[in-house]
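A.B. asks: Start from the sequences, fold in the hints, and give me the full structure.
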Amino acid sequence: GQGANVDDLKSSAISIFGNLKFRSLVGEDSPFRTLGLFGRYDIVDPNTDVDDNGSSLLIAGVECTPVKGVAASLNFRNKSYQADIKSESFLFLNTEFKF
9 GQGANVDDLK
19 SSAISIFGNL
29 KFRSLVGEDS
39 PFRTLGLFGR
49 YDIVDPNTDV
59 DDNGSSLLIA
69 GVECTPVKGV
79 AASLNFRNKS
89 YQADIKSESF
99 LFLNTEFKF
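Residue 9 is where the sequence shown starts when you use the working numbering, and the numbers rise one by one after that.
Please note that a few of the clues may not be correct.
Listed next, the in silico BS3-like pairs over lysine-lysine satisfying Cα-Cα at most 30 Å (straight line) [as the list claims (entries may be wrong)]: (1) Lys87 - Lys18; (2) Lys106 - Lys76; (3) Lys29 - Lys87.
No lab work stands behind these hints: they were computed from the structure.
C.D. replies: Shown next, in the form of structure tokens:
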């Protein structure tokens, strides 16, 4: 619990994600072999006893891995709120270098 005479906080969350690599879908010489799509959707209600305090997050993008150890992705992120708060949208360019 959370202490004497304090009700436990009840929350809920769900996350769904997926990834599709083009490598297995296209020919050996295709330039699309280095690409992949990814997506994720989260729904969170931090306190189920309180109305309009939840949020959701959507992430979707494309990733390019031209050579081993180098990757770049362009992705869109949108965070929405149950309450009358304006949703937030962002566009990200991420890079990764492994050595």
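A.B. asks: Against each hint, give a clear statement of whether it holds in the structure.
C.D. replies: Structure-based check of all given hints:
| no. | hint | verdict |
| --- | --- | --- |
| 1 | Lys87 - Lys18 | holds, 22 Å |
| 2 | Lys106 - Lys76 | holds, 8 Å |
| 3 | Lys29 - Lys87 | holds, 26 Å |
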